Amino acid sequence: MTDVPPGYFLALAGLMFTIGVIGVLVRRNAIVLFMFIELMLNAVNLVFVTFARMKGNIDGQVLVFFVLVVAAAEVVVGLAIIMLIARRRASANVDDVRLLKW
Amino acid sequence: MPLDIPAVRLTGIAPEIALCATALLLLVIDAVLGERRNRWYLPALASIGLGLSIYFATEAWGTTRLELSGMVAVDGFASFVKITLAVFGLLTVWLGRDFLVRERAEEGEFYGLVLFAVAGMMLMAGAADLIVVFLALETFSLALYVLVGFRRRSLLSQESSMKYFLLGSFSTAFFLLGIAFVYGAVGSTNLYGGEDGPGIVSSFMATGASDVGLLILAMGLLIVGLGFKVAAVPFHMWTPDAYQGAPSPVTGFMAAGSKIAGFAALLRLLDVTLYPLREDWRPLVIGVAVLTMVVGSVLAVVQEDVKRLLAYSSIAHAGFVFTGLIAANDRGVSGSLFYLATYGITVLGAFAVVAVLSGRDDEKVTLRDYRGLFYDRPLLAGALTLFLLSLAGVPVTSGFVAKLVVFGAAIQEGYWWLAVVGMVTSAIAAFFYLKVLVVMYMQEKETEDAERVRSGPLSTGVIGLAALATIVLGLYWGPLIDVAERATLFFAGG
Amino acid sequence: MSIDVAVFGVMFVVVLGSSIAMLFARNAVHVALFLVVTQIGLAVAFLLEGAYFIAAIQIIVYAGAIMVLFLFVIMLLGVDRREALNEPLRGQRPLAVGLAALLAAEVLYVAYKGSDLITTGGGSQALQDLNADPGNVKALARVVFSRYLLPFEVTSILLVVAVVGVMVLARQMSAISPVSARSGSSVADKEEAA
Numbered sequence: 005m006t007d008v009p010p011g012y013f014l015a016l017a018g019l020m021f022t023i024g025v026i027g028v029l030v031r032r033n034a035i036v037l038f039m040f041i042e043l044m045l046n047a048v049n050l051v052f053v054t055f056a057r058m059k060g061n062i063d064g065q066v067l068v069f070f071v072l073v074v075a076a077a078e079v080v081v082g083l084a085i086i087m088l089i090a091r092r093r094a095s096a097n098v099d100d101v102r103l104l105k106w
Numbered sequence: 002m003p004l005d006i007p008a009v010r011l012t013g014i015a016p017e018i019a020l021c022a023t024a025l026l027l028l029v030i031d032a033v034l035g036e037r038r039n040r041w042y043l044p045a046l047a048s049i050g051l052g053l054s055i056y057f058a059t060e061a062w063g064t065t066r067l068e069l070s071g072m073v074a075v076d077g078f079a080s081f082v083k084i085t086l087a088v089f090g091l092l093t094v095w096l097g098r099d100f101l102v103r104e105r106a107e108e109g110e111f112y113g114l115v116l117f118a119v120a121g122m123m124l125m126a127g128a129a130d131l132i133v134v135f136l137a138l139e140t141f142s143l144a145l146y147v148l149v150g151f152r153r154r155s156l157l158s159q160e161s162s163m164k165y166f167l168l169g170s171f172s173t174a175f176f177l178l179g180i181a182f183v184y185g186a187v188g189s190t191n192l193y194g195g196e197d198g199p200g201i202v203s204s205f206m207a208t209g210a211s212d213v214g215l216l217i218l219a220m221g222l223l224i225v226g227l228g229f230k231v232a233a234v235p236f237h238m239w240t241p242d243a244y245q246g247a248p249s250p251v252t253g254f255m256a257a258g259s260k261i262a263g264f265a266a267l268l269r270l271l272d273v274t275l276y277p278l279r280e281d282w283r284p285l286v287i288g289v290a291v292l293t294m295v296v297g298s299v300l301a302v303v304q305e306d307v308k309r310l311l312a313y314s315s316i317a318h319a320g321f322v323f324t325g326l327i328a329a330n331d332r333g334v335s336g337s338l339f340y341l342a343t344y345g346i347t348v349l350g351a352f353a354v355v356a357v358l359s360g361r362d363d364e365k366v367t368l369r370d371y372r373g374l375f376y377d378r379p380l381l382a383g384a385l386t387l388f389l390l391s392l393a394g395v396p397v398t399s400g401f402v403a404k405l406v407v408f409g410a411a412i413q414e415g416y417w418w419l420a421v422v423g424m425v426t427s428a429i430a431a432f433f434y435l436k437v438l439v440v441m442y443m444q445e446k447e448t449e450d451a452e453r454v455r456s457g458p459l460s461t462g463v464i465g466l467a468a469l470a471t472i473v474l475g476l477y478w479g480p481l482i483d484v485a486e487r488a489t490l491f492f493a494g495g
Numbered sequence: 144m145s146i147d148v149a150v151f152g153v154m155f156v157v158v159l160g161s162s163i164a165m166l167f168a169r170n171a172v173h174v175a176l177f178l179v180v181t182q183i184g185l186a187v188a189f190l191l192e193g194a195y196f197i198a199a200i201q202i203i204v205y206a207g208a209i210m211v212l213f214l215f216v217i218m219l220l221g222v223d224r225r226e227a228l229n230e231p232l233r234g235q236r237p238l239a240v241g242l243a244a245l246l247a248a249e250v251l252y253v254a255y256k257g258s259d260l261i262t263t264g265g266g267s268q269a270l271q272d273l274n275a276d277p278g279n280v281k282a283l284a285r286v287v288f289s290r291y292l293l294p295f296e297v298t299s300i301l302l303v304v305a306v307v308g309v310m311v312l313a314r315q316m317s318a319i320s321p322v323s324a325r326s327g328s329s330v331a332d333k334e335e336a337a
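Chains as they are written, first to last, in this note's numbering: chain U, 5 to 106; chain R, 2 to 495; chain X, 144 to 337.
All clues stand as given, with none of them false.
The following residues of chain R were derived to be distant from chain X, with all beta-carbon distances above 10 Å: (1) 279; (2) 303; (3) 360; (4) 372; (5) 373; (6) 380; (7) 397; (8) 420; (9) 477; (10) 483.
Part of the chain U face toward chain R, derived, beta carbon under 7 Å: (11) 44; (12) 52; (13) 55; (14) 70; (15) 74.
These aren't lab readings, by the way, just hints derived from the structure by calculation. Note that this is a predicted model, so its numbers are computed, not measured. The beta-carbon is built from N, C-alpha and C at its ideal position, and this holds for glycine as well.
Isolated chain U, as found in the complex:
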């Protein structure tokens, strides 16, 4: 196992999570937006694994396992919903569906 301090891994995870948030806020295509959410989940997985190393127990890795299952289930349902709308409208842009209407 590596000697690289966990702080560096956490910093990388943090930057990834932040990029994910920016992506969700500025991009407009629903599928692309969804991929940035996946990036955020990946960043969280890195945090879990790093804390598992720091705490010296394996629970963090188990939690990653659960996050993976949930991500898979979410992707299946999410892509089906996006497909359904794209079929009807020939567009998957979120702005076309008025995401931020009062």
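Assemble the complex: chain U is given as a structure, and chains R and X must be docked to it using the hints.
Here is chains R and X on its own, set in the frame of chain U:
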């Protein structure tokens, strides 16, 4: 080394097991019997499953312990929330049956998804580990994403399903980061901790073991994730769209069920496990509560669509429940439970009326469609009046008692100004409920409908039951408050 | 300087670089491919941190199955469509960057705290022992099937809900498509939706 399988006792999750088993059975029966015109057996079976889960939840009443390696808490709080959720589930199934018959699309999946959603919400109420909270939240959210898009002919329904889904998974990512930080601070995601490992509560007892700064950050992120589910204000963007787009029975279910499940997790998290940090989370939650009350009440005033109006009203109600949560005393917790239970029944009744009036395709939901309703359908208009008065918090209805209890709890802890904000926003809110009443009683109907909407027997029953509960609990609230108070005494670990 | 540090450095640059590239890629396919690169890079990070099983899963499930699903849907909807990168709502971009800066400050604090904790925690050795004695997969399995038994069972319900949900959505899809025979085209539609 052999594997240590822990002792498995299922009293804690028996209601959830009953629901999941019923749901699976229902899906199989629907597939085997195929497409029949009248599938009365599906809602009947769903009702039996929900009844069983009420029975199992009452069985667990009175015990207080952790089960399944500390993953679920069996206590009065969980039982109370589970029974309430099962009642909401029953009302939703009955309303949903009428909706599906009206749409000529009676599909077993609807009932299956409702049952799975109720099971997920119940699991959330008893969860004693953040990973269980997370999985329960995802289970009922996935079911709701699909249920919101259940109006197959409506593009609006499917678009709102997508919005709800995208914003929902966005907030889930924050919630997960919060769980990761808790893990980093405590070394486990358990709320209580015990012989199986550390937890948040046990880490407070072992001084110096946990990193409080990290825990406070985690707390903020967890509030974001759960605040989304209860529709608190900076995270409320999805609410009006999802409420408008979803079939009315599903909207009522979301308003009642999602809210009580989210608040159950919040109450257990903030008022029990993070109670020692209350001076740290209170400023944040107070900010959210004030924003929620003000934004919910003010924006509701300009709405022209009844479902959107009720959506903003549901946002405002989340703010009122927060005042009980902020008080963080026994009265606050029991008050919040009482509030959530009575609000849920009232709002389900209101959406039952909306469902009946909106007719085929669930489309007639603007205020214009409600003009002169009293002269056309006096009983329905009367029931809707009762529900709206209860939501506004007028005396003799359950909504009044509920507001009194949560504001009283806040005053008891010295947050009298928060109660004042609550009362002022209630007054603003009363204005838009009145607006609906004016439309119903004092305006002329514009055009005659070609076909008169008919209320199915089940919808009529739901409306009657909800109206009865609203009045009875408004006059004779003692027993339910007593039960809610006993539910706070059983909190495990607290 | 050990080889670990060099591997970490390369991984860091690749992961961060492809994450940033995701932000600026116009074509959805490119975004997906950059995400795949990020995820493979993360698998390397997991290997470095002694999470061998998770690293394998990361590649098989994430970079493999999930991303293929994404690409599949993008292809179905049409690849050639380009997304306008102009500002959708006035003031949204500065707001996003401000919010992100706040978040970055938060996580960097955590990273700083993290390096603090390692001196007090000293867990790295404990995990190394676990990986050596029962082995990573065995240690994981022991925890999953004892302490995390309930969450493990709940995931099965979660997957059932996802399957039922997709079935409903697929049926809706056949209801709107020109061929609206519900039973006839449902199998093909289900496959498409999944």
